[in-house]
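Take a look at the letters that make up each chain.
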Amino acid sequence: FFVFFTEEERRVRANDREYNEKFQYASNCIMTSKYNIITFLPVNLFEQFQEVANTYFLFLLILQLIPQISSLSWFTTIVPLVLVLSITAVKDATDDYFRHKSDNQVNNRQSQVLIGGILQKEKWMNVRVGDIIKLENNQFVAADLLLLSSSEPHSLCYIETAELDGETNMKVRQSLSVTSELGDPNNLAQFDGEVVCEPPNNKLDRFCGTLYWKDCKYPLSNQNMLLRGCVLRNTESCYGLVIFAGPDTKLMQNSGRTKFKRTSIDRLMNTLVLWIFGFLVCMGVILAIGNAVWEKEVGALFQSFLPWDPPVDNFLFSAFLSFWSYVIILNTVVPISLYVSVEVIRLGHSYFINWDRRMFCSRSNTAAEARTTTLNEELGQVEYIFSDKTGTLTQNIMTFNKCSINGRAYGEVMDILGAQQKRVQPLDFTAWNPLADRDFCFYDQSLLEAVMVGEPAVHEFLRVLSLCHTVMSEEKREGVLVYKAQSPDEGALVTAARNFGFVFRSRTPGTVTTHELGKAVTYTLLAILDFNNIRKRMSVIVRNPEGRIRLYCKGADTVLFERLHSCNHELMNITSDHLNEYAGDGLRTLALAYRDLSEEQWEAWAERFRGADKATDCRDDRLAAVYEEIEQDMMLLGATAVEDKLQDGVPETIAILSLANIKIWVLTGDKQETAVNIGYSCKMLTDDMTEIFIVNGHTVQSVREELRKSRERMLESARTRDGGKEAPPSSLLESISGEFALIISGHSLAHALEADMEREFLETACACRAVICCRVTPLQKALVVELVKRHKKAVTLAIGDGANDVSMIKTAHIGVGISGQEGIQAVLASDYSFSQFRFLQRLLLVHGRWSYLRMCRFLCYFFYKNFAFTMVHFWFGFFCGFSAQTVYDQYFITLYNIVYTSLPVLAMGIFDQDVPEQRSLEYPKLYEPGQLNLLFNKREFFICIAQGIYTSVVLFFIPYGVLSHATQSNGVPLADYQTFAVTTATALVIVVSVQIALDTGYWTAINHFFIWGSLGTYFTILFAMHSSILFNIFPKQFHFLGSAHNTLGQPVVWLTIALATVISIAPVLAFRFLKLDLKPQLSDTVRNTQLVLQKKRKPGGRVGRGSRRSGYAFAHQEGFGELITSGKNMRLSSMALATFASRHSSSWIDTLRRKKHANSTGAQNTPPTGEDSAASSQTPPLSTSSSAAGKAGQACNEPVLTHSPDDIALSVIRCPEREVGECSTGTVQVNIHLKTSSSTNCILWG
Amino acid sequence: MMASSYNAKDEDGHHPGSVGSGGPGAVKSKKPDNTAFKQQRLPAWQPILTAGTVLPAFFMIGLIFIPIGIGLLVTSNNIKEFEIDYTGVDMFSPCFNCSQSYSWNSTSACTCSVPFTLDQPFESNVFMYYGLSNFYQNHRRYVKSRDDSQLNGDKSSLLNPSKECEPYRTSDKKSIAPCGAIANSLFNDTLELFYIHPNGSRIAIHLVKTGIAWWTDKHVKFRNPGENNNNLSIVFQDTSKPVNWRKPVYELDPSDPDNNGFINEDFIVWMRTAALPTFRKLYRIIQKKKDNMTPTLPPGNYSLEVIYNYPVRSFDGRKRMILSTISWMGGKNPFLGIAYITVGSVCFFLGVVLLIIHHKYGNRNNNADIPN
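Residue numbers (this note's numbering), protein chains in the order written: chain A, 177 to 1422; chain B, -10 to 361.
Simulated from the structure, these hints should not be mistaken for laboratory data.
Because the structure is a prediction, the values reported are computed rather than measured.
Glycine included, C-beta positions come from ideal geometry on N, C-alpha and C.
Any given hint could be a false lead.
[Unchecked claim] Partial chain B-side listing against chain A, Cβ under 8 Å, derived: (1) Leu52; (2) Pro156; (3) Ser160; (4) Asp161; (5) Trp234; (6) Lys321.
Here chain A stands alone, though its shape is the one from the complex (with noise of 0.2 Å):
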């Protein structure tokens, strides 16, 4: 029997084959492919046939079966049929040939199988579920395996999982501890257990299971789990339990149907067709009512010479055959080659993406790629941007550039020297630090001094960086070490700490050796606080050589902040001065910080840590609650700010981007002032901006307030602008778009998206030129992006780099992935990809633009040459008695759109070109007739519609004159039928060609070959059909015999084509003279002046390049801190086992001194006094700001009587060295205004 069954719970017995056999579940084999060589024709016709249009050719086919209405020989319908059915199958064989070959490349690679104790190379699509696969290092792996053991320590292995969720940093995974001790394939073998978990699926993060091994149970979750397209490194190799194989994996659950995306053009494609059909019906029901009338008139009296078919026995039922014949004869006002030849000019513009040069990046060897071929034309429509910050406009790449220690910054090295002393040299660090990185550029000297110097605050702060982290180093020789660090910042930090003599040098499970200055020091890790995204900070605790226990946190200084010590507050005050400062140079910003703890402390906290790690429910929330305990009471150190570098072109791109009128919306997830910042630094925000508006509100009333007011600002300048002018507020708000800039945050994003407040907040951000939202969540910028698409009717295009960029990038009508370091996701969701943002204007203002602009004549021409061709026969209706008889021959009629007409139109197409690449690039604004759909719409449309029936008329009644009357030179009538035709077909064919030239703007060799190829081709086609080679072996079918020969030779047959081409091109030519001539477009204008000069222009002058701001985004993620705790990542190295020392530093020992000593003094504080200027006059006017601080840090430590800014913030480091009672009789209270920074009010307590 056989069941259909939805799987519920999986079972699987490992070395178990017949017992696994029974669940019947899929093999390891995949297939993507779609068919085989058998149901290839089937398959693909059925799907074939599943167009509209195929079908509808497939009934006019039927039609054509019966010969009462066939008014065509079926093959005039079989063989554009048959040509564009088998055009799309040898395309769609050729797709699955390669996905066939692929599949067998995939299927045939080897794999180890541990079958009856032997390992045994078997090909993958052989391995079973339940088998038992040895896995080696740089290996795909098969099938999702249960990891039962793997040579690394601990039983880790490590994956790289970038082909399958585009993350590419490593991760761990490690098996059950039961079953890592199986460790040789002898035991593997014996191993019985069986697994009982969830049914595929398709979640990348999630697994659920139960391992039954010996009675027992154990819990198996994704950290136990290999998933197929994975690749094992770092590992030398793992045994692993097929859990889910083929088509069962998560890889291939994941890769559903994407949404197929079409464009504006598509849908009013669709529409104009469905007109089209509503046309042809009423054309049908015109011609068979006078054919009723015919009929009854004049047909049934003209029986004697032409009796009724059988079945016909009236007027009316003739009629109703008429119908249907003139469907069929007039049916090529909707081509099927229409849809055929869409694709292949799209597929040819994907190709001209691709081979682009200048959207190749030779860094990451990636060319551009047009992913989606169906999309292009609407890269010329697009009228917002929305884009990702990091990654996308700057290139997340991390480069320590200043700080903040101890309410000093050091880093600013321009403002000292001044703006004319360009560039410093970076310090030398190799001099004196043999471990530093030579890579690392610091450019202030003084933060050099002040370690050689011996400052303690500087000692801890880099002691922080160079502890507090979960950086991995790799040192592969003596001195060289390589850091592999989780998110870029990180590395960047430590990094900065090793050249300043603070160097990570190895890490065990529980200890972490560093060079300090030279030295080398242990510290013994007690704990990792990981990092979160709640948390938004990381903390370790360990315990120096001396024995003090310290805890050293590093975070975000909104968080940082609230869990400081009590009397951080001028610390704090001056610190985040430095941070504002920071964040307005579009720095990301860390502060730090560290606590004392008693070894009391410690203990009773590791006794509740231990409590809630081993908590099986809510662990993760019982964990943030314990570090919530321990992070408190904390003594700010400072702060560091690292530069996010901006990727090359990117304000010059954003530049010329909103010169095209495309408003260009960032969405991040940075803090607000980063994203301010990298707002101006990329020209989003100018200073010349009217204003800039800040939503920030909390409350539904608070945003909703907010956003009315700034629309109230616009619109009272936009009256003062235009001197009272009264206008109706919506209108008026459409009217704006000028110099206003809004930002809104995530929090108040929220409620604005909120259905009652949507329109509101669309209208007001519409309004405005830029628009930043801050804080968003990845499903934020979905929202925003539809939000956008559903109200506006605006093509909109999503940028963006990461992960959290593929709900917005699927959303948009474009989507456009950044092939950067953040992993290929973006890239596999997007439409087109490259690798820097700046192609994005090539992409948009010269192939977008160029798409447009040929799909767009194309389409028009398309129309035009449709209806002159069909609508011939409309006319010769009335002359025929409404019978259907067509005007041409049927071999014209089949060949006309196939062979006589479209290789032209597709060259032109493809290849035509209105104004040269750098113009589009040079006047931006060339890009708005593609936003406002200026090229094709409903009104071009019914102008080509009206310009084919002119010429339709012209056609038929111009030879209908002459011919009627004329003779040829020997007397015998031209008015035959077939003269008639052979004429009309002529200029038909002449007079489009003719069109197509003048339409034609970028004539290239190949548009020179197939104009005067297919008119060369139609003679020819012409003269071999009417020969008599043909007639004489198919007398029935080549009856147009010595027509060709007869009517062209006639000079009045010449005569007439000449004036039937004059007279219908005359008056588009006057038409089109006139537009340019009174009303020219700007490409009429750039394309005239390219003419006119004929040389080369140098570019106009670029947009100046401010002070480079970057950004700022916590790009931190959670990971290693658990692992580096638990011991399990851990290859003990020998070399850090050997620099183990037990010195003593002596940073430490001056710094418990020091803490002694501020204990004794902080009690005996005073209220400061005018006299303190004195002191605070001797610290180097960095800013008032911070000079305000010194004061306020001064008046808490006076009686230390300190003398350099350093000294004060020494003393601030030793108050949290008290006891809490203690320090909060020294807390100065210190309010400073940060904008005017001229009232500081000191509030002393106690």
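Starting from the known structure of chain A, arrange chain B on it as the hints suggest.
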């Protein structure tokens, strides 16, 4: 056109973001080729509609078309054409009786004589046409009602004509040769011309009945069956004559074997269907006199003798006889000349108007400033 997002090749990795598995350094550059084609830099001619090209074009069209039109009109006007309707609709017309009393089956021929006068001499060869009006030779069912391979002399088609010929395919269980509605409705009036000499005598004018069909029709398309068998009655013995015909096809012109059977030129001319419901077909040629001194048809009185067989009254048709001389461009055709003159003038006028518009409002300093 659904696309599967999964491609097994994706598993192979080596996308730009991922670190290759210790791959050797020399990665093949994917940089696209620098060819003019791929970079869309093909050399091209970029025409643009400027005043300098469009206006001269209009003037040129005008200047070419007007003289041609005048030439055509003059030529056409020099052609002499005479047309006479002999249908007999009018009570007083000579053929009225014939037109009334007609039926296909009548055995006795009805004849009538239509007198007419030529005011001008017809010189050179004169062509004699018969014209029919309101006769739908271009009707779809009519047009296809023939068997070209039968007419081409195909033996099997002769005895088994195409289905297209229905209902004129068989009669009395014999196949019809030639089959079909076209052949069945062959024009069978006989027209003869007599010059009535001022002295009262009637001089028959010699009418040539060959050379009126296309050469290809006569020599390639139409062929009698039976190859070299000159006795057509044997060849056609198993066939039946079309129902409306008085005599079988092999008796169309018994006097001339080269004009008999399917290759009878009257028949061929009829079989070349007309494009429009009003048409004329070449009937006879009156060859010019050998001496070249006297006109082919001098002015004077003539009589058209009609053996009236062909019924057209039932469907309101008309029958005409046309005499025409001919020039290099064929018969009288004023339409072409007038059309040429009109189009030429309009183009010229348009050129002037465009020139004025261009000078007054035109954007002549295109190259000066481009708004950006």
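So, going through the hints one by one against the coordinates:
1. Leu52: Cβ of B/Leu52 sits 13 Å from chain A, so the hint is violated.
2. Pro156: holds, 6 Å
3. Ser160: Cβ of B/Ser160 sits 13 Å from chain A, so the hint is violated.
4. Asp161: Hint on B/Asp161: violated, closest Cβ of chain A at ~18 Å, above 8 Å.
5. Trp234: With a minimum Cβ separation of about 13 Å from chain A (threshold 8 Å), the hint on B/Trp234 is violated.
6. Lys321: holds, 7 Å
Taken one by one, the earlier hints fail for this structure at numbers 1, 3, 4, 5, listed in ascending order.
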